[in-house]
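Participant: Here is what each chain is made of, one letter per residue.
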Amino acid sequence: MVLKAFFPTCCASADSGLLVGRWVPEQGFAVVLAVVHFPFIPLQVRELLARVQRASQVGLAVLGTWCHRRREPEESLGRFLEGLGALFTHKPWLQLSREPDSRRWNCKVSSPGAPCGEDQVMLIFYDQRQVLLAQLHPPATLPDRRAGDATATAAEGGLAAVFHTVARSEALFQSDRFDEGPVRLTHWQSEGVEASILVELAKWASGPVCLLLSSLLSLLSWLSTWRLCRLCPLAFLCSKLCTCQQLRLRLQHLQLVFSTQKAEDPAQLMRKANTLVSVLLDVALGLALLSWLHREDRIGQLADALVPVADRVAEELQQLLEWLMGAPAGLKMNRALDQVLGRFFLYHIHLWISYIHLMSPFVERILWHVGLSACLGLTVALSLLSDILALLTFHIYCFYVYGARLYCLKVCGLSSLWRLFRGKKWNVLRQRVDSCSYDLDQLFIGTLLFTILLFLLPTTALYYLVFTLLRLLVVAVQGLIHLLVDLVNSLPLYSLGLRLCRPYRLAAGVKFRVLERESDGPLRLLMQINPLPYSHVVHNFRLPSCGCHPRQSWSSLCRKLFFGELIYPWRQRGDKQD
Amino acid sequence: MEDEQSFSDISGGRLSLQRRYYTQSCREFCLNCPRLSLRSLTAVTCTVWLVAYGLFALCENSMILSSAIFITLIGLLGYLHFVKIDQETLLIIDSLGIQMTSSYASGKESTTFIEMGKVKDIVINEAIYMSAKPRLDCLIEVYRSCQEVLANQKATSTRS
Numbered sequence: 001m002v003l004k005a006f007f008p009t010c011c012a013s014a015d016s017g018l019l020v021g022r023w024v025p026e027q028g029f030a031v032v033l034a035v036v037h038f039p040f041i042p043l044q045v046r047e048l049l050a051r052v053q054r055a056s057q058v059g060l061a062v063l064g065t066w067c068h069r070r071r072e073p074e075e076s077l078g079r080f081l082e083g084l085g086a087l088f089t090h091k092p093w094l095q096l097s098r099e100p101d102s103r104r105w106n107c108k109v110s111s112p113g114a115p116c117g118e119d120q121v122m123l124i125f126y127d128q129r130q131v132l133l134a135q136l137h138p139p140a141t142l143p144d145r146r147a148g149d150a151t152a153t154a155a156e157g158g159l160a161a162v163f164h165t166v167a168r169s170e171a172l173f174q175s176d177r178f179d180e181g182p183v184r185l186t187h188w189q190s191e192g193v194e195a196s197i198l199v200e201l202a203k204w205a206s207g208p209v210c211l212l213l214s215s216l217l218s219l220l221s222w223l224s225t226w227r228l229c230r231l232c233p234l235a236f237l238c239s240k241l242c243t244c245q246q247l248r249l250r251l252q253h254l255q256l257v258f259s260t261q262k263a264e265d266p267a268q269l270m271r272k273a274n275t276l277v278s279v280l281l282d283v284a285l286g287l288a289l290l291s292w293l294h295r296e297d298r299i300g301q302l303a304d305a306l307v308p309v310a311d312r313v314a315e316e317l318q319q320l321l322e323w324l325m326g327a328p329a330g331l332k333m334n335r336a337l338d339q340v341l342g343r344f345f346l347y348h349i350h351l352w353i354s355y356i357h358l359m360s361p362f363v364e365r366i367l368w369h370v371g372l373s374a375c376l377g378l379t380v381a382l383s384l385l386s387d388i389l390a391l392l393t394f395h396i397y398c399f400y401v402y403g404a405r406l407y408c409l410k411v412c413g414l415s416s417l418w419r420l421f422r423g424k425k426w427n428v429l430r431q432r433v434d435s436c437s438y439d440l441d442q443l444f445i446g447t448l449l450f451t452i453l454l455f456l457l458p459t460t461a462l463y464y465l466v467f468t469l470l471r472l473l474v475v476a477v478q479g480l481i482h483l484l485v486d487l488v489n490s491l492p493l494y495s496l497g498l499r500l501c502r503p504y505r506l507a508a509g510v511k512f513r514v515l516e517r518e519s520d521g522p523l524r525l526l527m528q529i530n531p532l533p534y535s536h537v538v539h540n541f542r543l544p545s546c547g548c549h550p551r552q553s554w555s556s557l558c559r560k561l562f563f564g565e566l567i568y569p570w571r572q573r574g575d576k577q578d
Numbered sequence: 001m002e003d004e005q006s007f008s009d010i011s012g013g014r015l016s017l018q019r020r021y022y023t024q025s026c027r028e029f030c031l032n033c034p035r036l037s038l039r040s041l042t043a044v045t046c047t048v049w050l051v052a053y054g055l056f057a058l059c060e061n062s063m064i065l066s067s068a069i070f071i072t073l074i075g076l077l078g079y080l081h082f083v084k085i086d087q088e089t090l091l092i093i094d095s096l097g098i099q100m101t102s103s104y105a106s107g108k109e110s111t112t113f114i115e116m117g118k119v120k121d122i123v124i125n126e127a128i129y130m131s132a133k134p135r136l137d138c139l140i141e142v143y144r145s146c147q148e149v150l151a152n153q154k155a156t157s158t159r160s
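These protein sequence lines are chains A and B, in that order. Under UniProt numbering, the first residue of the first sequence carries the number 1, and numbering increases by one thereafter. Under UniProt numbering, the first residue of the second sequence carries the number 1, and numbering increases by one thereafter.
Listed below are the simulated SDA-like cross-link pairs for lysine to any residue, each with C-alpha atoms no more than 20 Å apart in a straight line:
(1) Lys118(B) <-> Gly509(A)
(2) Lys511(A) <-> Cys30(B)
(3) Lys108(A) <-> Phe125(A)
(4) Lys511(A) <-> Ile85(B)
(5) Lys511(A) <-> Phe113(B)
(6) Lys154(B) <-> Gly28(A)
(7) Lys118(B) <-> Met1(A)
(8) Lys108(B) <-> Leu80(B)
(9) Lys108(B) <-> Val514(A)
(10) Lys108(B) <-> Tyr504(A)
(11) Lys511(A) <-> Tyr21(B)
(12) Lys511(A) <-> Phe29(B)
Simulated restraints on C-beta separations:
(13) Lys154(B) <-> Cys558(A): 57 to 67 Å
(14) Tyr79(B) <-> Leu465(A): 45 to 55 Å
(15) Tyr534(A) <-> Ile122(B): 24 to 34 Å
(16) Leu65(B) <-> Gly497(A): 34 to 44 Å
(17) Gly78(B) <-> Leu287(A): 30 to 40 Å
Partial list, computed: chain A residues near chain B (C-beta under 10 Å):
(18) Met1
(19) Val2
(20) Lys4
(21) Gln27
(22) Ile124
(23) Gly158
(24) Leu159
(25) Ala508
(26) Lys511
(27) Phe512
(28) Val514
(29) Arg517
(30) Asn530
(31) Pro533
Because the hints were derived from the structure by calculation, they are not lab data. Here the structure is a predicted model, which is why all the values come from computation and not from measurement. Glycine is no exception: its CB is placed at the ideal position from the N, C-alpha and C atoms.
Based on the sequences and whatever the hints tell you, model everything.
Facilitator: Here it is in structure tokens:
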């Protein structure tokens with residue numbers, strides 16, 4: 001098998017020394033992690049490798065020698081390096097060398113049994129920093145740190161082993177060239193360990209802040225459960241209002257972000273980061289909305305416009321009912337039933353208008369306080385808007401329920417009387433239609449009632465149709481608002497930003513590029529990180545939303561509309577399904 | 001060593017296949033697609049603008065003209081970035097894997113790398129898989145070379 005030597009690009013200009021890394025025999029990978037420079041004491045090198053192996057559970061060894069002749073070729077160096085092969089026994093033994101001012105690389109492998117030839121080695125360059133920080137998606141099944149031994153890690157597939165080796169060997173990269181240690185190494189951090197004061201300060205401050213906030217949040221959640229359990233009608237109301245759902249969701253999110261437990265795996269860390277960014281964006285947008293509302297007295301204008309709009313809607317509904325009570329679209333209605341239904345609904349509208357006029361002095365105050373709630377977030381403001389819309393169109397909802405119930409009763413009556421008309425009946429015990437012999441007077445009354453219901457059907461159906469359409473319109477508007485809220489809740493902005501600015505962190509795989517080849521040198525490839533496409537980022541890291549979607553398919557919706565069953569579009573996941 | 005041959009795709013355009021042989025275990029096949037022709041670009045732009053001018057003559061609204069320009073620009077950018085393939089490359093490295101790269105006219109490159117452990121065999125699927133749509137003779141060339149490399153790899157792995 002061809003031996004593949006993974007060489008870090010940062011070591012390409014390093015001085016001569018020993019190659020230190022991991023050998024994966026199943027794939028033929030020799031992953032070079034660092035170069036140890038002269039002078040060194042072999043015992044100290046072995047101690048360092050053993051220490052790093054204990055910390056990282058990855059089997060490290062001295063893989064070979066690296067020769068970078070800066071000045072005139074030194075013959076003694078060559079012989080010295082060959083002598084080292086006898087000191088650190090490793091099979092196979094890799095000998096890499098590079099000419100000083102040219103691109104000529106030389107690669108020799110000596111392994112027992114197989115002949116050493118130039119064609120048997122492939123040199124693959126990789127950027128150590130990027131490979132260290134990258135996360136492979138989908139990740140290969142990595143053994144966790146607790147199960148520990150070096151042989152278990154060798155069972156992974158392919159290139160994931162390279163990523164795993166580099167990521168686990170952080171202990172090797174802790175010392176830079178300014179340290180006074182016994183062994184001098186070259187790796188990606190040898191010019192100076194990467195750190196940031198702000199990050200360290202944030203880490204130090206996050207401990208007490210998280211503790212304080214998580215205790216506050218747990219107090220808040222305990223309070224909310226206590227109050228809600230005690231007052232029954234309030235609990236019912238809260239389960240119906242979108243605002244309460246949204247507030248509960250945000251409370252859960254904040255509890256997740258400020259929890260004192262450290263994230264166990266990268267997925268949880270991304271989730272926390274995404275949630276935090278989503279909350280911050282929400283609050284920022286809410287504050288922008290708040291400042292826009294309070295400028296130029298927009299709340300006053302809104303309150304002044306609200307009552308006339310509600311009046312206008314009620315007037316339009318009245319006109320619609322007058323139209324239905326006449327001859328709508330040229331259809332001839334049953335006069336008596338028409339008048340009854342029309343007057344019934346007109347009385348409701350009259351009640352509604354009086355209620356609105358009663359509330360009108362308080363509207364501005366209420367709107368002002370509702371506008372303040374936007375500082376909790378744009379999603380809360382939008383949910384409040386949806387709830388206000390639902391409250392203002394409550395009469396349409398009532399009319400829809402009346403119309404639907406009436407229509408449903410009519411359809412049930414018609415279907416059972418139709419069965420009587422044909423001489424059959426519904427057998428409840430056996431859940432099927434059976435034939436039945438009726439008496440003459442039963443047949444007579446049944447047929448009479450059937451005829452009455454049949455000829456009254458158009459009137460009821462028309463009222464039902466009109467009010468269902470109005471209700472569906474209101475539901476559609478509420479649906480749009482919910483979609484927007486869902487978008488803000490569940491979009492993983494931190495992951496998208498990471499994909500934009502640091503694409504190597506989210507890796508879908510790798511890609512290779514063939515570097516120019518000298519006539520008899522080894523094959524040289526450059527391995528780069530292939531970033532995850534944006535659609536996969538959104539799909540993988542989506543935050544779970546509160547699930548306020550219609551849970552039924554179109555066909556069941558049509559069936560319910562036809563038979564007059566009530567549709568509840570905003571059933572939550574926790575409630576029982578229809 | 002390099003080798004160039006010219007083929008044609010299913011719609012009659014000229015394709016050129018370049019074969020690069022790096023070592024016995026590493027080969028690269030590059031398929032160059034015909035470039036965007038000025039004639040078709042001019043034709044499409046003229047059609048869109050004539051239609052827009054016709055609508056403007058009907059409606060007297062200058063927004064139609066500016067939106068037509070906008071649509072043409074966005075459409076052209078979208079076509080170059082998402083649809084028009086410039087070059088497709090297949091790099092096969094013995095015992096590492098197979099890499100397929102498509103590079104679009106706007107410079108975007110999309111790469112897929114499949115590790116050798118996951119490759120059982122290479123077959124000729126329908127031509128619509130490769131976005132450059134080469135004809136069968138071109139596909140046969142690539143197929144034969146890939147099978148050589150795979151056979152070589154199997155031989156070395158059973159030997160070692």
